Structures are given as C-alpha cells and as structure tokens.
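Participant: Could you put together the complete structure from these sequences and hints?
Residue numbers (my numbering), protein chains in the order written: chain A, 200 to 466; chain B, 200 to 466; chain C, 200 to 466; chain D, 200 to 466.
Since the hints were made in silico from the structure, they are not lab data.
You can trust all of the hints, since none of them are fake.
One copy or any two copies: either way a pair holds, since identical chains are not told apart in the list.
Mimicking EDC-like on lysine to aspartate or glutamate, the simulated pairs with C-alpha atoms at most 16 Å apart in a straight line are:
1) Lys359 with Glu388
2) Lys369 with Glu462
3) Lys337 with Asp466
4) Lys387 with Asp357
5) Lys344 with Glu376
6) Lys387 with Asp361
Bear in mind the structure is a predicted one, so any value in this text is a computation, not a measurement.
Protein chains: 4
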Amino acid sequence: MDRKIRVAVVGASGRMGLEVVKTVLSEPDMELVAGVARSTGPVDLGTLVGLAPCGVTMTSDVELAFVESKPDVVVDFTGPHSAFSHTSLAIRHGIRPVMGTTGFTSQDIEELDKQCQEKQIGGIIAPNFSIGAILMMKFAAQASKYFPNLEIIEYHGDQKLDAPSGTSIKTAEMISEVREERRQGNPKEEETIEGSRGGYYNGFRIHSVRLPGIFAQQEVIMAEPGQALKIRHDSYDRAAYMPGVALAVRKVMTYTGMVYGFEHFID
Amino acid sequence: MDRKIRVAVVGASGRMGLEVVKTVLSEPDMELVAGVARSTGPVDLGTLVGLAPCGVTMTSDVELAFVESKPDVVVDFTGPHSAFSHTSLAIRHGIRPVMGTTGFTSQDIEELDKQCQEKQIGGIIAPNFSIGAILMMKFAAQASKYFPNLEIIEYHGDQKLDAPSGTSIKTAEMISEVREERRQGNPKEEETIEGSRGGYYNGFRIHSVRLPGIFAQQEVIMAEPGQALKIRHDSYDRAAYMPGVALAVRKVMTYTGMVYGFEHFID
Amino acid sequence: MDRKIRVAVVGASGRMGLEVVKTVLSEPDMELVAGVARSTGPVDLGTLVGLAPCGVTMTSDVELAFVESKPDVVVDFTGPHSAFSHTSLAIRHGIRPVMGTTGFTSQDIEELDKQCQEKQIGGIIAPNFSIGAILMMKFAAQASKYFPNLEIIEYHGDQKLDAPSGTSIKTAEMISEVREERRQGNPKEEETIEGSRGGYYNGFRIHSVRLPGIFAQQEVIMAEPGQALKIRHDSYDRAAYMPGVALAVRKVMTYTGMVYGFEHFID
Amino acid sequence: MDRKIRVAVVGASGRMGLEVVKTVLSEPDMELVAGVARSTGPVDLGTLVGLAPCGVTMTSDVELAFVESKPDVVVDFTGPHSAFSHTSLAIRHGIRPVMGTTGFTSQDIEELDKQCQEKQIGGIIAPNFSIGAILMMKFAAQASKYFPNLEIIEYHGDQKLDAPSGTSIKTAEMISEVREERRQGNPKEEETIEGSRGGYYNGFRIHSVRLPGIFAQQEVIMAEPGQALKIRHDSYDRAAYMPGVALAVRKVMTYTGMVYGFEHFID
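Facilitator: What follows is the structure, given as structure tokens:
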C-alpha cells in the first residue's frame, strides 16, 4: 500500500470509539487524522486510550474535523439518532463512512447509496462488525441443510433488557432461508414449567441465558442420530469487533456504493 | 470378600435389565443366580446379552425364582406398577431389594422400611442410579452458596414428552436449599419471543433442549463478574447407570433399613 | 423417484454393515436386494438387525450375490484387504461401489476410475462418511483465513492406539491450505511437563484426549483478542455415519467416474 | 457489623491493586483508609479507578501509611520480592495481612504465623483468590474417587511462558490425593505426532492450550462407559478474584494465626 488510509473517528470517547482509536493507531496501514467527541475537551487521542501521545487532539465539531483533516474514511459508532445526518455529511465531503449502528430505513439506505454512487465512493452500515459472529451465522445456515434439527442458545449479561438477542434472531433468519421447514420436538410435548422449552421460531427453539460477567456468547447445536455439530462464538469484550472494523476501513476504499451488513465482506 | 454376592435380576429382558445382567456377570464379586422376565422363554442369560453362556436360564415367576435361587440381592427395574409388591415380596424372602423406579408414596417407603428393619436387611429405592448426575447436583448445590447467579440447561432426545427433565427439577430443588434467594435478570427484561428466557424456578431459569440423538445431558452454569463455573454431566447410554447399580448391590449388604435416593450413597 | 435404488451390502454382519442394512431397510427410496457375510449363515437380514423379516437371506459369495440380485449399488465396509478386488468386481458387473475403507493407492483409484468410465457408472471411496465431521473440517478451514490462531482438541476412547486421530490430521491439512503460515505461542514458552503443549503441526497444536466411553469428538478452537470461535463435532455411535452413506448411495446414481473422499458430496 | 473494616491497599496502582481499590470502595462493610504506590503521585484513589473521589490520597511509604491510617487489614499484591518484609511489617503494626503472592518458604510461613499468634491477629497468604477455581479443584478431586479416568485441559493467553499452568498442577496434585492410582490409556498407544497425548502426570494427562484473547480457563473431564462429568472454570478478567479478596478481608478479622492457601476458606 503506497500511502496510509486517513481515518477520522466520530464518537471517539465512547466505549466503541475508544477501541476504534486504539485500533487505528495500531494498524500499520492506517493514520488517525481526527477524533470528534463532545465531552472530553482537547485531549490527545493517544493519551486518552493509554498509548503514547499521537499528536491528534480531540475536537467537537464533526464538519470542521472533516474539512480540516481530510480523512479517507470516517468510523462512527455514535448511534441511531445522528446516523443518517452523519453518514450523509461524510459522503458530501467525499469521505467513506463506516457506520456501526442501526436505525436506518431501507429508503435511507437507498438514498445514501445514491449519494455514494454520485461521489464514486464506498460506504458500509452494519449493526455488527464481529467476523466471528458472522462466520457462526454463515456456518450454521450452511449446515442446517444437512442438520435440520437444531436449537440456538445465546448468553448475555444479566442486565440486558431484551431476549432473545438480535444476533440470535439474525441467525434464526439466515438458517430459515436454508433449512427444510419442520416443527421439531414431540408434538405431544408438555411444559411442566412454562417457557422451559424456549422461544419458538419457525419450528425450532431459541434459549436466552442471562448471567453476570458474560459479554456475548452464542451456540448453535445441530443434532441427528448418533452425532451433534456445535458452532459457538464467544465475545469477551469490545476488542472482538476491531478486526472487523479494520477490515471495513480497508474494504470501503475498494468499491463504490453503500453496503448494508458486514456479512457481505466475509466469504 | 469371602463369598460372592448372589444377585437376581427381575425384568431381565428390559433395556435396563439387560445392562444389569451384563454388569452382574462382569463384576468379580457378584454371582448371577436368577433372571426373571415374561417374554423371552427359557434362554441362557449370558447368551441373551451377547456374552458366553452362564448357565442361568430365564424364568417367569418372581417368587419361585426367589425360593429356588436364594439371592442376597434382587435388582428390579420393572417400573412403578409392580414396584411395591415386588419390593415387599423380596423383603419377605429376606432378599435385599435394589429398586430402580419411581411410584412409591412416603407411606409405602415407611412401610417397606419397617419390613426391612424386621428382617434386619437393607434396601434402596432410587429413580436414578447415575453417580455422575448425583455429583453434578451436589456440586451445583454446594457452589450456589458462592455463585447464586445460575441457570440450568438440560438436553434430551427430541421425543421426550416432558420439559424440564426430572433431573433438572431435582437439581433446582437441591440448589434452592443452599442458594440465597434472589430473582435474577433485569426486572425490566422483556421477551420478544415468548419463552426465550426459559422456565422460571425460584428466581433462576431452566432451559430444555430437545434434539435427536441425545440421551441425557445437563449443564449448570454459574457466573459472577469476571468468571463462570460450569458443571456438566453427559450420559450417552444406559451403561452410565451401571457403576451406580453395582455400588448399590454392594451397599445394601452393609446396613439395615430402606434408603430412598441414591444420593445417600455418594459422599 | 420412479423406482427404488437396489442395494447390496457386503460385510453385512460387521458393525458398520449391520447399521447399513438397517439404513437401507428404512430409507423409502432404497431396496435391500442382497447381504453378504461369511459367518452368520442364511439368516434373514431384517431379523438380524432387530427389524421385521425382510425376505432377503444372507449369502456368502459376493459374485454370486451380484449376479443373482442385480443391485444398482453395493455398500462395502469390509476393510482394506479386499478393498481393491471387491471394488473392481462390482464395477465389472456394472454395480456402483460405495466403499467405506482406506487402503487404496492413487494408482488403484486411477485404475478404478478408468473402469467406472468404461462402464459409465459412478463410485465413491471414502474413509469417513460423517457429514458432520466434514462440515467441521470445511468450516474450520474457511474460518482459519480470519482466525489464524487455533488449536485442535480431539477425544476418543481410551483403547485407541494412535494419536492424534486421522480426522484431526485431515483437519490440520485442510486448515494448512488456507491459514496464513505462523508459529503460534510465545517463542520462549517452556514445558515443565513434556508434551503438555500438545503435538506440533505447521505452527499450531493438536491435543488428543483418550477416555473410556467416548466414541469420537473433535473441537477446533480459534481465538483472537476478545473472541473465540469453536467448531465441534461429537459422534456418539456408528449411526452418525448413516446419513452420509445414504447420501452416497443416491449420489453414485447420478455421475460417472470414481470419487475419492466424501467431502466432494458436501457443499 | 457495627463498624466498617478499615482497609489499606499496598501496590494500589498495579493491575490487581486497582481492582482491589474498586472492590473496597464498593463493599458496604469496608472503608478504604490508605493506598500505597510508588509511581502515581498523590492522586485520589477513587478518581484513579474511575469512581467518584473518595478523599483518600495515594502515598508512597508503606510504614507511614500504616501508622497514619490505622487499618484493620492490608491487602498487598506487590509480588514475591517484598512479600516477607511487607507481611512482617503489617503484623508488627497489628494489621492483618491479606497477601496475594507466592515466594514464601515454609519457614517464612511458620515465622509469620508465630508473629500473628503473638499479636493475636489473623492473616492469609494465597497465590490464588479465585473462589471458582478452588471449587473446580475441590469438586474434581472429590469426583475422582468415582471417576478415576480423567484429563485436564487448561487454556491461557498465547504469550504465557510456562505450561502447564500452576492451577492445573495444583488440581492434579489434589486429584492425586484421592484418585486410585492407575495409568490411563492403551499401554500400546503410539504418538505419530510427539506430544499430542499431552503432559503425563501420575497416570493421567494435562493439555495446555495457548491462544490470544484467553485469560484463564480450565476443564477437568472425567469419563466412564456411557457418561462424562465435566467441571470447568472460565476467568475472563481480574474481577474474578475480587469476591475471594473481599471474603478474605472479612475472614482475617475472625481468627488468630497465618493461613496458607485460600482453599481453607471455602467449604
């Protein structure tokens, strides 16, 4: 690679933002050129993440940062409220957006794709940049052609509000596109404790475990007479998402248009 | 041991009975003296289980078998319908019963204990002779003093009718005697798919997985910030119960009275 | 399917042969037309496997069985000694061979492929018909592109003679074709107990666990900062191979030539 | 409890020290009265760990801190070099030492016990304060009476220098005190890749897996025909040790003498 990819990080003081700053500072083919956050004041971004000072000072105005630092790519994990406006702003400045958030309608994505096409740049919107989680989902879907009897067990922290997790539902959807339709279990099955058989999805079951100290884990168990195939992904902390973010930063340099979903980058 | 323990097997052609016959024929301190079953006719019991002929022929009358073969111990897995009468008959003949079945009321057990006391012999009634399952339950209960946040996941074949399993409920009861009472999970937690959080028991959850090819497995997961303790027991087939049956045959020779529950033999 | 696939089983009284007979009798699109074994005498094959009599009697001459029963496919798990001659004989009679054995040289396979081409029939030779094991290997290899840090743990019965298992070595080979070359672990690492770090293969490690009661299990653990991806296959008994054998019986009807390795049938 | 336990933390800016400070500030029955570290300067200890300021400023002289803050208990994770002198100093001031380090000879411990007896105070020295790890070891040892066939698999980060881990060796020792002596595996077993069968310890095997992103995990697998019992402890980060440290702080208030090994506090 002739020159480094110039990267700006918006939301650089958030939990994910801090990890992204660390990642950009560590990747040899990337250069951190700007960090934007409202709350920290003008701190050095290297110092902020516990590394050596890097000479880039946090600023608080996104557009000004774009104009002054001229990034190739912006990584933004600020969340749904500002998602569309931030993405659109980046594209207008010819900066490739890597957006780690939900909250886009399909019209939004269509519109942003048109803007990317006009500017001849790439972009990606993805709720999940975990390569491991995507491989787990792909493998489970592929295997369900041969192993149509399966259940999903997902594990998260005990303060999580919703069950089952977004990843488990996404997995179930991907499996359902491949798996031969069938209702598993004995039709005369009875629960003596309600809910013990888990949540019903398209013929199979999803179980949500909630315990302290667990970040995010999921296992897809597939079984037939005499054998079981188990595909499991354990995330221990936010570092798990960084190889995916780094991959996305590199990939958006190579195509034109807006991609929705990180799975399109994984073969 | 001076002389071998003389063992009769009632229900010797059933799935568990065949395993018991094999076990008694293999244990150096035991002698198979009788096998009783209605359906097989007068076959040699060794041949029946795929071993060398052993010279003991299947008969069909329980009492006659007791009188003629004078066993020290009878192992009986014939099930609830004949449980009380078979046990009582054995005791009357001074034979120590090892009964692998449910279906006894507490009055039944009291009565049978009285009969054992009179005859000065021991006996045991137990729904489960799995040493591994009992260790799992004991350890989970002990650990719940330090790890009060826990969930149980149990796995059985996809044709099982009831959920959760008897073993998981027994485990939950044993844990509840030790564990500090608390309702786990976020109080504002919401299920977007009903049942995904599992069955509620005394503040924690039980999840029942049903898939083809699985005999009986259970995991108790206990977690606190930064760590998880997992205790798991996997049974692949009925052979799993045999070390417990052999232990019971030896133990009933050593005390007087009727014991209910195999856990009393495991320390 | 207009008419059923006519299947002969050679080595029908062996452990795998008995399972194959059961499978052929159960699949609605297959018809058992012959069973060959030296030791059993003229028993009914259905009775032999504990099902209803099927009207096919065991014979002991392979060629005679071929001539009289006119099978479309022969399934043969008799082992390396007779592998080549049995395969060649089947092809000469225009019968598609499904051979579950090792012991073929690459010249053998080339020669048999030529014979298949002449007769315009298909055939397959495979040491392993486990769909689950093949999916595990494929997924592990695919994932190793993104997760180059990995180790393999395989579990077999405590009487197995060789370590590591053939499947784990095959897995390691398939991974090595994809994975970026690197020597894992700290270069200054020291074993205080020799062998604790496992067997070295191409930069990563293979661990062989040997314990009673385990049939065949394997886990590939792949990890990067913050996450782990685990792909595991557990076989409990020979039934695990039967969906693969059934798939092979159907597949050999559809192409011409000799295929080596069951993985070519799994996408 | 009438009044709070006054706690000093020595080595308060180290990785474990920071966790201990957080724990002491969070436990309702404890009061942080001093923090000692060489490198940080006079920072507020609450601020240092990302909590609200607590009014206790870091100092750099251990003895001065003891004199001025009059702690009931000192928690010290500074390591082997200063272990004996720090412990002895604390006892001389009547402060109960909770020492998280190795590096004591048995004479050291005897001497420190005498000093504790004279001052009528309690103390503890322990290389490991993980309640979960200790339960795993205790349960594995107990179960090995019934499950003498077992192997240990331990997982640590890929930069760890020694294999197998200290915890796995401690586990093996505790098992060996209970387990019937026997050499597992087929006596004619052969390794085609050296080391694949793991490290040999007293008849059984220890396997050390080293991969990035893993903090500390261990599984003891015990198996007999038809069943397996698995006891596993996963630590994700240093928070795992804090419930044990808190328990130790409370316990040393209740007895006289020096205890070696945290397992004595767990029943």
